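Peer 1: Sequence:
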Amino acid sequence: MLPQPYAGLLRCAGLLRFTNRVTAIGVTTLRQGELLERRIITPILLSLSLLLIALPSRAQDARAVVRLAPSASQLSLAAGEQVPFSVQAIDASGAIVDVPLRITGPRNAVSIEDGMVQGLQPGEYEIVVTVVVPADTDLEPLSLRVPVVVTWPRVSEVEIESGAILYEGTTVEHRAWVTHADNSLRPDPNIRWSSSDPSVATVDQFGNVSTQMLGTVTITASFEGVTDSITHEVIAFPGTGIELMRTPDAGVRTGDVIHFEALVRDDAGSVVADASVNWSHSYSATEGMLGVPATGQMLGGDFVADIPGIHSVTATVGALSARTSFEVASRDVVQELEVVGYGPENRYRTTD
7 MLPQPYAGLL RCAGLLRFTN RVTAIGVTTL RQGELLERRI ITPILLSLSL LLIALPSRAQ
67 DARAVVRLAP SASQLSLAAG EQVPFSVQAI DASGAIVDVP LRITGPRNAV SIEDGMVQGL
127 QPGEYEIVVT VVVPADTDLE PLSLRVPVVV TWPRVSEVEI ESGAILYEGT TVEHRAWVTH
187 ADNSLRPDPN IRWSSSDPSV ATVDQFGNVS TQMLGTVTIT ASFEGVTDSI THEVIAFPGT
247 GIELMRTPDA GVRTGDVIHF EALVRDDAGS VVADASVNWS HSYSATEGML GVPATGQMLG
307 GDFVADIPGI HSVTATVGAL SARTSFEVAS RDVVQELEVV GYGPENRYRT TD
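7 is the number of the first residue of the sequence shown in our numbering; add one for each residue after it.
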């Protein structure tokens, strides 16, 4: 067994049973209690002593802090950029107090590591700095909030994507990609579109180009001072008829994806393969199915119904259009969830 002073200290730390086992093994195996005490028990006791002394010292140091002094009152940086950032704890006399600080920022927005802050997601955020206090004290931790503004990197290129032919009397959607200096893409850029000759073709704020007459027109996309242009020759539309293919007969349920196809034909019956088709969807509400947020989703010729009822899909090319209606039944998939318990965490302070 251990001497009483050692046993008392270890009992406070909850390690008496462990060290007694170690002592018994050491005496049995090595037959040298002194060697065991010197090599194993003494270092453990020394560490525990330092820990027990440090706990009240940490609380006293935390009480001495009257303010937190950040290296910058606010930060502004671009996504992907890193800037230095540090915080000092100051007492009433203006001296620096050596206490642990917890520095956190919004997840996936900023990264804080090794005295550097990196912008991850553009937006306005806050870095929260808190003095770490022992969990067994009633001391309210001092905290500080530092505003952080993360901006997008500089735009290096705008590129228009549209390989479609412009036929007279049709509308063709144009898209543009915005690339930053670090080769990342800007999501959902607010691009400004313009046409060199609106009498030939107009373009709306979403990049939809509608032709008015035969001729040449240049469509330009601009974003933050960077532009790209594409020149079209508007030609006569040879289509005289349109046919909607792959229309469902029955048995469609919510969640089923229906793949529609539209064929545009000329006077000779040949398919006009490069005609740009515009797709739309409508819904006839059934009894008790009013005010729903969304009835279905459509991307190109692919459609999926979100709610049961009568749905209609229309394909349009210039003055030509074809429409089909079909009934969708409920998939009727229901699964109950059971709450089995909660896991609260109240052992330490957190900024979450």
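Derived from the structure by calculation, the hints contain no laboratory data. A quick note: this is a predicted structure, and the numbers were derived from the prediction, not measured. Backbone N, C-alpha and C define an ideal beta-carbon position, used for all residues, glycine too. A hint or two may mislead.
Claimed, not checked - So the derived label-pair ranges between C-beta atoms look like this:
hint, residue 1, residue 2, range
1, Phe-212, Val-89, 49 to 59 angstroms
2, Trp-285, Ala-335, 30 to 40 angstroms
3, Asp-255, Trp-285, 13 to 23 angstroms
4, Leu-126, Ala-279, 39 to 49 angstroms
5, Asp-308, Asp-272, 23 to 33 angstroms
6, Ala-325, Val-345, 35 to 45 angstroms
7, Glu-239, Met-304, 40 to 50 angstroms
Peer 1: Tell me the numbers of any earlier hints that the structure contravenes, in ascending order.
Peer 2: Checked against the structure, the hints that fail are numbers 1, 2, 6 and 7, while the rest are satisfied.
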